[in-house]
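Novice: What follows is the residue order along each chain.
Protein chains: 8
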Amino acid sequence: MSRADINFDFDRAERIGLDEAVLAAGKTPAQITAILEGAAERQHGVLITRLSGEALASIAEHVRSDIDYHDISATGFFGPVRPVSVDGKVVIVSAGTADAPTAYEAARTLRHAGVGHEMIADAGVAGLWRLTSAMDRIRTFPIAIVVAGMDAAMASVLGGLYSGSLICVPTSVGYGVSDNGRAALNAMLASCAPGLTVCNIDSGYGAACAALRVLNSMGAMQGTGKKGKAL
Amino acid sequence: MSRADINFDFDRAERIGLDEAVLAAGKTPAQITAILEGAAERQHGVLITRLSGEALASIAEHVRSDIDYHDISATGFFGPVRPVSVDGKVVIVSAGTADAPTAYEAARTLRHAGVGHEMIADAGVAGLWRLTSAMDRIRTFPIAIVVAGMDAAMASVLGGLYSGSLICVPTSVGYGVSDNGRAALNAMLASCAPGLTVCNIDSGYGAACAALRVLNSMGAMQGTGKKGKAL
Amino acid sequence: MSRADINFDFDRAERIGLDEAVLAAGKTPAQITAILEGAAERQHGVLITRLSGEALASIAEHVRSDIDYHDISATGFFGPVRPVSVDGKVVIVSAGTADAPTAYEAARTLRHAGVGHEMIADAGVAGLWRLTSAMDRIRTFPIAIVVAGMDAAMASVLGGLYSGSLICVPTSVGYGVSDNGRAALNAMLASCAPGLTVCNIDSGYGAACAALRVLNSMGAMQGTGKKGKAL
Amino acid sequence: MSRADINFDFDRAERIGLDEAVLAAGKTPAQITAILEGAAERQHGVLITRLSGEALASIAEHVRSDIDYHDISATGFFGPVRPVSVDGKVVIVSAGTADAPTAYEAARTLRHAGVGHEMIADAGVAGLWRLTSAMDRIRTFPIAIVVAGMDAAMASVLGGLYSGSLICVPTSVGYGVSDNGRAALNAMLASCAPGLTVCNIDSGYGAACAALRVLNSMGAMQGTGKKGKAL
Amino acid sequence: MSRADINFDFDRAERIGLDEAVLAAGKTPAQITAILEGAAERQHGVLITRLSGEALASIAEHVRSDIDYHDISATGFFGPVRPVSVDGKVVIVSAGTADAPTAYEAARTLRHAGVGHEMIADAGVAGLWRLTSAMDRIRTFPIAIVVAGMDAAMASVLGGLYSGSLICVPTSVGYGVSDNGRAALNAMLASCAPGLTVCNIDSGYGAACAALRVLNSMGAMQGTGKKGKAL
Amino acid sequence: MSRADINFDFDRAERIGLDEAVLAAGKTPAQITAILEGAAERQHGVLITRLSGEALASIAEHVRSDIDYHDISATGFFGPVRPVSVDGKVVIVSAGTADAPTAYEAARTLRHAGVGHEMIADAGVAGLWRLTSAMDRIRTFPIAIVVAGMDAAMASVLGGLYSGSLICVPTSVGYGVSDNGRAALNAMLASCAPGLTVCNIDSGYGAACAALRVLNSMGAMQGTGKKGKAL
Amino acid sequence: MSRADINFDFDRAERIGLDEAVLAAGKTPAQITAILEGAAERQHGVLITRLSGEALASIAEHVRSDIDYHDISATGFFGPVRPVSVDGKVVIVSAGTADAPTAYEAARTLRHAGVGHEMIADAGVAGLWRLTSAMDRIRTFPIAIVVAGMDAAMASVLGGLYSGSLICVPTSVGYGVSDNGRAALNAMLASCAPGLTVCNIDSGYGAACAALRVLNSMGAMQGTGKKGKAL
Amino acid sequence: MSRADINFDFDRAERIGLDEAVLAAGKTPAQITAILEGAAERQHGVLITRLSGEALASIAEHVRSDIDYHDISATGFFGPVRPVSVDGKVVIVSAGTADAPTAYEAARTLRHAGVGHEMIADAGVAGLWRLTSAMDRIRTFPIAIVVAGMDAAMASVLGGLYSGSLICVPTSVGYGVSDNGRAALNAMLASCAPGLTVCNIDSGYGAACAALRVLNSMGAMQGTGKKGKAL
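Residue numbers (the numbering used here), protein chains in the order written: chain A, 1 to 231; chain B, 1 to 231; chain C, 1 to 231; chain D, 1 to 231; chain E, 1 to 231; chain F, 1 to 231; chain G, 1 to 231; chain H, 1 to 231.
Hints should not be assumed to be uniformly reliable.
Claimed, not checked - Computed footprint of chain F on chain E; a stretch qualifies when at least three of its residues, placed anywhere within it, have a C-beta under 8 Å from a C-beta of chain F:
| hint | region |
| --- | --- |
| 1 | 17-23 |
| 2 | 154-166 |
| 3 | 188-197 |
For the record, the hints were derived by calculation from the structure and aren't laboratory data.
Remember, predicted model here, so these are calculated numbers, not experimental data.
The C-beta atom is built at its ideal place from N, Cα and C for all residues, glycine as well.
Just chain A, same shape as in the assembly (with noise of 0.2 Å):
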């Protein structure tokens, strides 16, 4: 595996106003190794996911050293990162202790994109008052992100409360029926409250994509989207 096999897609930002990102798991460090010096060749920041403690070691020390690690979300910035210009319209609302990974993997996302976050955590249901008593400041924000694994009953009572666009990530916590977020899935889009949309189990980084497209939609993303952008 060199380089010569690797075709990344520095562009999709000027096309669709979203960085292309460097899925660790699954790829050798001599893979990733390969793309992170593809992107300092162009100068390119590059947002990783999925790079555990482990692969982070393994990467070559030239290329690691660049690497802004992030233990908890597991994600690198790697490379020069935009300086926040979009703040105060993205929530990310998580149920429990044990969501933290994908919650953060959806802050970082939107952070290495230039979008600052507030995050409201351990709101799950079970402790109903934990949810409600956040109603307000949630309802400040435009987007919200929710996070939720097991029966993910958050994002329906979340979605009749609230008016802005809620986009839900189930995460695989629980065991048993949980079968690895597929309870939470399909229950977010079974969901009893209306216009909830819905991501792959654990992608807080989908989630955060989903967000900056409504910000496209709404036309707060500034300096990106050229060539697709919507607006």
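Given chain A, work out where chains B, C, D, E, F, G and H should sit, using these hints.
Specialist: Here is chains B, C, D, E, F, G and H on its own, set in the frame of chain A:
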């Protein structure tokens, strides 16, 4: 299929405090007729479930005339019915209008056993106020049967607000990923709220029997369950 | 089932900017009639979905006569309908002729909420030119609803060419492994293109509600969502 | 992940008569430590479940030393534990030796809530005498927790012989079609015996909480559940 | 579809001691007629399974008149039938009334091969006495066919009490998680009792053929299986 | 977990002619040790299955030294073993080299019960000659155990060429759609050849027990199954 | 639904050497009529698949009269049909009588493209001689389409005896675990024989198109595929 | 496990023009060693697949030293290898970097059979230009192997642009609903583009064998397949 092939468990109530019921779905009119004739000879009251209007019409006239039929629950009472001896113990809470067949199957099963009920319908959490405004009333009952399809989020919210026995029945209401009640079933089993128990999909009969078992545990059922009496 | 059993969430629009709709499938004619009578008393317009021709015919005449029925989408407008106040924001792109019922369910839901739409049909990628030749037009809309069954490959291709909000609806079109829309659902959720969001199978209604949420995020919906207003 | 990210539901017992427990699986040692520090400040006793020996060893020493750990159930008691105030009400019947972790998780959850139990192990129906010879003893308890994997046939047999509350827990014991407990789960839900209720796979904790809810229904739990008291 | 397209395996009985049967479901009346004409020319008796009343009525009259039809099992004997030459070897035990079609399909298949049977119906373990009281009789047969749906717990209990060949047939009786017989199938395969063998769902025909194979192993079948004779 | 928690079914052989075996997987070394100690006291021979090398090493030395361990089948004989009293009755036919663990688990289970066997390996139908050239030999046995993974096509081909009892064991050999043996399981159950019976995935033990039941039916097993003796 | 909504891919044959076909299932009579009118205007021949007799009857008369309908395959030829220009290249081998609809759908698709075929029916391996006696004939064709349901074992056996292109079509023939063709699909994909390729369940059309692609690879198709011509 | 237990199909190439390969996964080092010793005696070259680095290291040294190992594909060539005799016929197109192991397994299998290939990597449709810019090159090959995971949309797009044989291999790349390649498998089988054929998940070996079969159909393979030669 003659009556010689039928071996009905007429002593079930004496043994475990629960009558055997006749699940009409999957049985021929001749089979149902034979069972009811056997019951008539012993002057034994029988609850019939999943008895469609067409099935009812095809049962032999001499037994059909003794069936007290209830349309929306598709249940029939054949022969003598116990008077109501227990009341104010069981509340049935359902999420949407389409859950009515299952909710009323539970209600009719309780009634056949001499137990009254209260019904709170259309309390799904997409309109959270419908559930929260009913909580004071619900809390006056020691046993709640929860009937919900789709995401079944109502079960989890109720589970965080109510301390009594919570018997959940997923329904096959919904389409797509609802998957004939499997999404609701899994969400109820994977609930973030503690101590929910779950019955088979659409099994209002099963939920009512579970409530009768809790009443047995409470010592509330007087005249039944002599042999297998729990307390 | 009397009207006393119905507890319709008439204030939903005020709360979250989305009307409650009546999912006719699974409800009896008596139930639908009772809900519509309640709406008529409040002079409240109601969207009815999954209303088959036979179901329509069995609704009580005094309410049926006020239903504006649309055949291919199986939807009805009962009572007053909002004028179109938002237009040019939402495009509906569908892959094949058999996806029309879902695409038109989305269109009718938008229309009931006072939102116009443009429809681009038969754009499946087996004939890629059908999609690429429409891209310039599609890019003029900030929100796209994508309707596709079978492999749903159109969603991924569009996701790589378009920067706005992408709301995907898998359809139950296809046979064998298409599995009533599950293959399309999973392909959309697992898409290699970033930021796609997905609704339940065949849920044109859900996709339209998600589009309305994005319009809420954009501040495009003026007269709705006072209480739960996001912005 | 700092303690600011944790929002523990410390008032759950007061609200619904059930303590919140810490599910250790899926949480980092830092998260568990932070939760326990919060509990220590409030002098609040906490039950920890799914706490493997390795996870225990990696928790910060100053809280680990206050954990009363139980090996086979992988549970820990942190801080004050209620005295046993209720006894002779709950029997735990398990089918095979490999079901012990789940059976003891239930037992420990009951004990943490101040409830005693009796354990009847290895009662699977392949040797029917093991169950039938225990029936007289089992019938003296108003509540039975049934723990079984594989075919879970013991639950159905018990359901035909016992009149009290039957709370079933499928276990992931077995291989092949046992499918990590799904065969047992489905057999319990589809049981030919009436009124069985079922919890998530391997959820001894859930079954114990369900038993506590029945004790609440019975009025047997004195000092808990003030706010949400059922009776 | 002419008779030239049919290539019936008329020598199967000679080869392996089991007649080929015609599975009518999925075949057109013309196809069934063509097969039976071919059999008539060779004076070859044929067993027809899954032959609904409507399918029977649409078969050409000149062959239909030679069919000995049995309603509840939906089977037909066409042409010559072997006399009963083996008896007292096979007992068919079924759990509930709705299992009768499968139990009788097995019985008719045995009869067509010249093997008698005894039927014990309604022996499901929800009323355990129904099975235990029949055990002395069941033990007099070297081969037992067990027919059960739902949880199929009867198979496991029988497996612990009986030492002969146990051939289990799950049925599609039940609803919800019964999943058209899959719950019963998996419970039988995962049975805690040793040495159960299992056939396809609702396959009374398959179970009878398996019993015939055991009779072949026993040397009980005299006139068949010359070429492939096992003993 | 003390020996008081163990309730081993030592009389199983007397009851149904099959020894209880210890399934080591899922049991702790302490549990296995306790069971074996109990057996030693009664001078009862025990078959141990799914006993990995690591599990073996962690069993207490005073019982481990009495285990006759067989590597590829992961089985152990503890204590006295019956002499071979039945031979020439059972042939084990396996499809590929990777099926050896399951084939040898069956062989060892037979041997522990005093039954000899013949093994025909690598007879998968991708090289059809490997199976057809062995048919004359296979036909000399009244009972065949068929062990195959992936598509399990060998079972169907054998089913068309052999008249004795056919006991099929799907194995988890293969990848992708093989799905840990489910593809083989379903193919065996759906076989176009009549009368195949099927055991749980990888259950060489179960297949051998089924063969012992057929030997019971044949009256070939002399010293076992007194109480429950079939013939 | 007007003709303006239809965007048929009439140039597909020119682009990839395969005509677009109309899948009638899921389309309304008005939609099918509109597509055929469009084809008639261009004098473009069209293959219609999954056209039931009832659907045929409800198509507008002025186009229906130009449909050459074939009953068992449920296909129609509309407008001009190519003469047979390629023959002796493709053999269709099917396992049982009930596989005929799929086998003939493949045959008709080939014929519409100007390709002849030979059909070998009822060659399932339960009677192995039916397949082996046909092998010499089958080997004279460079391409074989294999049509089988249930266990699909015929595909694997053929795969071990034949060296040409093997295109497998699982069918939904069978019941229970056959699961509408999924057992056959998985067995074909997991085959122990190398190099089998598989199409969607019941997709005779897909298999024929795959055969046409191999003919394209062979350079056997003269007048088609100019733009996208492979060779 | 001795060499006596191994029955390798050494004549497969002569019979069907495809060498038998050794699937190392699931075999013990001793089994692999025994097979290779047998091959060495016959001077028969063998392809080994799914041979991890650890498995390689544990094979007996005297055979391991003759293995030409390729890391990323986990394949080994043992003994003599055919020279390249066919080239310019097969192109391998893969969607992403993580698909490399499967793509190279196909490449190595082709190479072992004496067939050259061209590799086009990272052509996934999220960046559609990567595929469209390669189409002119791809069209020069009569056979294309398509390797893709996740949504596998590249296969459908290619299917609409390319007229030759399209052999699709889904990969287990992706997470959540990707479900170890099942989402890709189903999308490929349900493709809206006609005539795609599909192999088992991750089966680069199977795809290469399918390509060899098409080469057999084309008469391109000279020295193989004498007995079973198709043309």
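Novice: Determine for every hint whether it applies to the structure shown.
Specialist: Hints and how they fare:
1. 17-23: Coverage by chain F holds for the region 17-23 of chain E (4 residues, Cβ < 8 Å).
2. 154-166: Contact hint for the region 154-166 of chain E vs chain F: holds, 8 residues under 8 Å.
3. 188-197: Check passed, 6 qualifying residues.
Hint violations for this structure: none, all hints satisfied.
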